[in-house]
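There are 4 protein chains.
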Amino acid sequence: MEAETAPETMAAFYAELDGQNMAPLWESLHSLVPRQPAPVIQAAHWDYDAVVRPRLMEAGRLITAKKAERRVLILENPGLRGKASITQSLYAGLQLILPGEVAPAHRHTQCALRFIVEGEGAHTTVSGERTIMHPGDFVLTPNWTWHDHGNESDAPMVWLDGLDIPIVAFLDAGFAEAGNADSQPTVRPDGDAEARFGGTLLPVDWRASSRNSPVLNYPYARSRETLHRLERNGEADASHGYKLRYVNPADGGWPMPTIGAFIQFLPGGFRTAPYRSTDSTVYAVVEGHGESIVGDRRIRWKPRDIFVAPSWQWQEHAASGDAVLFSFSDRPVQEGLGLWREERGIPRR
Amino acid sequence: MEAETAPETMAAFYAELDGQNMAPLWESLHSLVPRQPAPVIQAAHWDYDAVVRPRLMEAGRLITAKKAERRVLILENPGLRGKASITQSLYAGLQLILPGEVAPAHRHTQCALRFIVEGEGAHTTVSGERTIMHPGDFVLTPNWTWHDHGNESDAPMVWLDGLDIPIVAFLDAGFAEAGNADSQPTVRPDGDAEARFGGTLLPVDWRASSRNSPVLNYPYARSRETLHRLERNGEADASHGYKLRYVNPADGGWPMPTIGAFIQFLPGGFRTAPYRSTDSTVYAVVEGHGESIVGDRRIRWKPRDIFVAPSWQWQEHAASGDAVLFSFSDRPVQEGLGLWREERGIPRR
Amino acid sequence: MEAETAPETMAAFYAELDGQNMAPLWESLHSLVPRQPAPVIQAAHWDYDAVVRPRLMEAGRLITAKKAERRVLILENPGLRGKASITQSLYAGLQLILPGEVAPAHRHTQCALRFIVEGEGAHTTVSGERTIMHPGDFVLTPNWTWHDHGNESDAPMVWLDGLDIPIVAFLDAGFAEAGNADSQPTVRPDGDAEARFGGTLLPVDWRASSRNSPVLNYPYARSRETLHRLERNGEADASHGYKLRYVNPADGGWPMPTIGAFIQFLPGGFRTAPYRSTDSTVYAVVEGHGESIVGDRRIRWKPRDIFVAPSWQWQEHAASGDAVLFSFSDRPVQEGLGLWREERGIPRR
Amino acid sequence: MEAETAPETMAAFYAELDGQNMAPLWESLHSLVPRQPAPVIQAAHWDYDAVVRPRLMEAGRLITAKKAERRVLILENPGLRGKASITQSLYAGLQLILPGEVAPAHRHTQCALRFIVEGEGAHTTVSGERTIMHPGDFVLTPNWTWHDHGNESDAPMVWLDGLDIPIVAFLDAGFAEAGNADSQPTVRPDGDAEARFGGTLLPVDWRASSRNSPVLNYPYARSRETLHRLERNGEADASHGYKLRYVNPADGGWPMPTIGAFIQFLPGGFRTAPYRSTDSTVYAVVEGHGESIVGDRRIRWKPRDIFVAPSWQWQEHAASGDAVLFSFSDRPVQEGLGLWREERGIPRR
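Residue numbers (the UniProt record's numbering), protein chains in the order written: chain A, 1 to 349; chain B, 1 to 349; chain C, 1 to 349; chain D, 1 to 349.
Where hints are given, some of them may not hold.
Said to hold, decoys possible - Simulated crosslink set (DSS-like; lysine-lysine; CA at most 25 Å straight-line):
#1 Lys83/A - Lys66/A
#2 Lys83/C - Lys66/C
#3 Lys83/D - Lys83/C
#4 Lys83/A - Lys67/A
#5 Lys83/B - Lys67/B
#6 Lys83/A - Lys67/B
Don't read these hints as lab results, they were simulated from the structure.
Input sequences plus hints: build the corresponding full structure.
Now the structure itself:
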């Protein structure tokens, strides 16, 4: 019966709805409630040496860190241009601090991770504690903590920034403040957070004040050694090789409430079985060369490259020689909301 | 020094970045990391009797519930048209089921709430249990549960649907399935969930299988009686009057992981002190007349009207006679991520 | 070889150890670390009408409530006399308040439950809120809260007290204080806690300050109605009939951190399948007649009787007519420590 | 009035109660519910070199580890003899394994810790993984895990065993099984647990299956280094010096649900301010000489001595040279039950 409603009647009705800030669900139900994730973002790859680094250095010539406040080249997903997003929910950029420069103190409700790409000896100071950064280190600036960066070495320092900017924007819940000085005074010695929080001991009276990890820097030397020992001790996981997640020692959970981070070792010649999960993931190559298949895209990577795998697209990773991949995603958010899913496929012969 | 870089040099550099899926952070830092929430959504108001109901009934003439799958008029925020969103993170719509109609069984990873607006005696069936709905009832369909609706009464039945569609879409984590029948068989009698989970007792061996409340229907008769007793027992809160949150009895938390819901009583003549919080909130008027000031907008409301207050805008609510407001927001998400803030202002004389 | 050590050599060695506050583990290992629980406590039964009530009334003639501070007859397990314990970890007693009497305010770190046995209209006041008690009500006095009792009715009032006195004593962690007045002023009206906490709604800004339930009184009228609805709605559990646990609405857990409490309905003619668990359990008969087999002991019970089932002894309960049993145990402690076990046996024909 | 009841009347009444497994609360209320902890256990001290070690070696001559199943000298609190308890809730003993000996595999619901006192190179195997033990190592055997010990070195190996035997006995919740072989096969290489769980990384798919820490051995080398870094980085706590708690990396909580463990550094010449808490605590001296005042008892200690401080007695600890103390207590139980309290006193000049 309803089939008899003339299209022009419907159109008139829809126009009338539109004038009242209303819309008919039945015209969009299946796109609003899709059968499975249909991400707008795409698999993408940034070649560090050929593409990113030359432009970073050019940025270093064109603007100072202080004037920029943060001299960062945002990596924008080609499926979501203009949104400063590498996945639908996360932001990534590469930050350059030249010798003698400072990125002045500020704070914001966005959580940030830094994964060090090149250079040695620049520092990040968070809440009065300084850490000296080395390639492969995973450094946190929890939300609403004062933080600044400086480079006292004699070489450029570059790191990957990962932030939950799109999440905080989506929720309209962001606040920020500028500090009144470029650098904050340090009130704790270098390495203090690692001493107090980096092992399987905690100060007897310490209590967590947020869901952010109290560990300021998860040094690569230690992550690498752990991967090495795991490799000697047992079989690789078919889908992941040897894969670890960074942990908040205060609760065994994720390092930040919005971002999970991982480090994995792929032995030379190893190819992971197809795997997919609902958390679109950003990968940074730490060591080694290899290739990844993400959906129907083939990505050949080498050290310091960045690539991204969208939600629910099948992924395979193969290392030509021993390789280490760092990665991060919004998995803590999805798990907290009961939305995260994964699927393991059949390994190819 | 860097000020000397010619604007055309910068423009050329930006164009080059753009070609490589990159962008300069320093041009957008303060909009990406704002000083305080700057929502795109706007305060808005839908007049039920004058605007919504006539169009719902027209929809009832133009399309059947079965053909529509869900015959719903989406309420779209005027600041965010075309996105099927009433706030930046939540969806709301008004659903009509005419006597004898059925909305067929499906399931999806989106969580849904129903707040009953008019009619008596239609039912929702969730996971084999049916509940008969009455005005003011708060009914849940947790994520990934089969659910269908039917109206065996002789009058139209209308309810407000609230879903986390934008959240699930933002995370690219949605799945859905259609059932193979219009209605699922009921395997539990009406009211069973309320008997088992609706008090301060739980079946001895029952364990929660998700973070969704096991209560299918929070009946208005009981909510209203609780508000009434609170009013007799003590003073109103300056910012809220008498305000309760719906609770998941399995953990004392929110009824769904993504949506918090509230019911509040404003005595006749009471005006709340200014208040703001970061969770944009959808209000549905259950009883009474009054007006609310949201940011610089004044909204006069009456029973069954819907209005929305954006993140961090000051709100005041005043009831001319005794009034009851239902509301819902993404507060569970924001609290879980450490982002939720509120501020209480000075009451006006 | 070691078998050659002469017994007198060992004895001399043991005596020397004894003088130094030491002892050889190998002589007691299997009693210290038993194959399965070997409780010292025994199944026991107190006949209310024939044994307990006459002595309670005699106590009422011999001492006032005020002079006694608490006029209670302790139920001592026959396997553990002199320890004021009904199980190895819990205390139980029957408290009598005569018309016009008062049990003065005090507080202690022990948690207490009251399960009302006879009388109507006496009150308990906890932290400034009063509740009027009726048979079958389950009333809490959380640890370190001021509480007093009074009987303004014209009949004796008797309730079962259950406390964690042995647990607190075992841990040497008990504190107590006497109040400076017999009765504390009431600052909240009767029934306020039930209104605020007794449903599936909580005051929007309320936060739990301990692991004790904020519900002061779980009224029997409601417990009984819930049991009745469950019975109409589905099959009885073979081991338990229809069994519910009292819940802390703030977290879905136990009403007190040390004591779990239960209420169960056994239809007339129903016999439970054999069941055992590691939490020795105190039962109070609310309604009905029946018999229970506990280990090798057969107990015939009637309303207001009390009986106890030791850890890991097989239990069966049979009701001659419809019956309701209240029970409590240290199950929250055992679950929290990872020690609780249960086993379901084969039903007898 | 009630004062007039003749003593012989009361005595007759009490005798009658006694015959019915009842007792009058008012005669024992204040001892059952004391104003503050009044422990039966006493401060005590075991001199390792002069008292314990000679007798351990004598035990080594008189009985084999295999025949004894566990060749352990129990340390019995002088206030609680015959109960195999060093505090009211915990057991401690010193275990000796001679070169070539084995302590055969068994498992039990009691949790055990080992704190290594002397020797190098003996092993403990837990659930198929072996750890080689060194002085100061803190080794766990979580409840219900198969475990055995062996000494393949050429010197005697001694460690302090700490178990929750009295807690499990008090709750009548203990189970045990003997293995069918002296030693279990090792299925994981030495150090695997430390590699997987000992840092701030966890295997991506690992889930805790109990509240026991997955770390098998917390090596002293690392604990000592952490204490050393803390000392360089900041001020000592007035009551504790530099004190850390061992942590379960899966949840940030205690290493076992029943036992908390601590390690603290006291600089030479440092004297702690008076401090007391409700958890009776067992101390083992790792390094240094000093003295402790516990209640009215003064204890002079040196490496490998054991001493115990009862609940709520004031403690002060002073180190003559740099000292390290290991300690353990039932604090997790008390915190879980809402019972734990501490008090800091005024430092002496």
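Consistency of the hints with the structure:
1. Lys83/A - Lys66/A: It holds: about 24 Å lies between the C-alpha atoms, which stays within 25 Å.
2. Lys83/C - Lys66/C: Roughly 24 Å separates the two Cα atoms, so the pair holds.
3. Lys83/D - Lys83/C: Within the cut-off at roughly 16 Å; holds.
4. Lys83/A - Lys67/A: This hinted pair holds, its Cα atoms lying about 23 Å apart.
5. Lys83/B - Lys67/B: 23 Å, holds
6. Lys83/A - Lys67/B: Given that 25 Å is the threshold and the Cα spacing comes to 37 Å, the pair is violated.
Hint compliance for this structure: hint 6 alone is broken.
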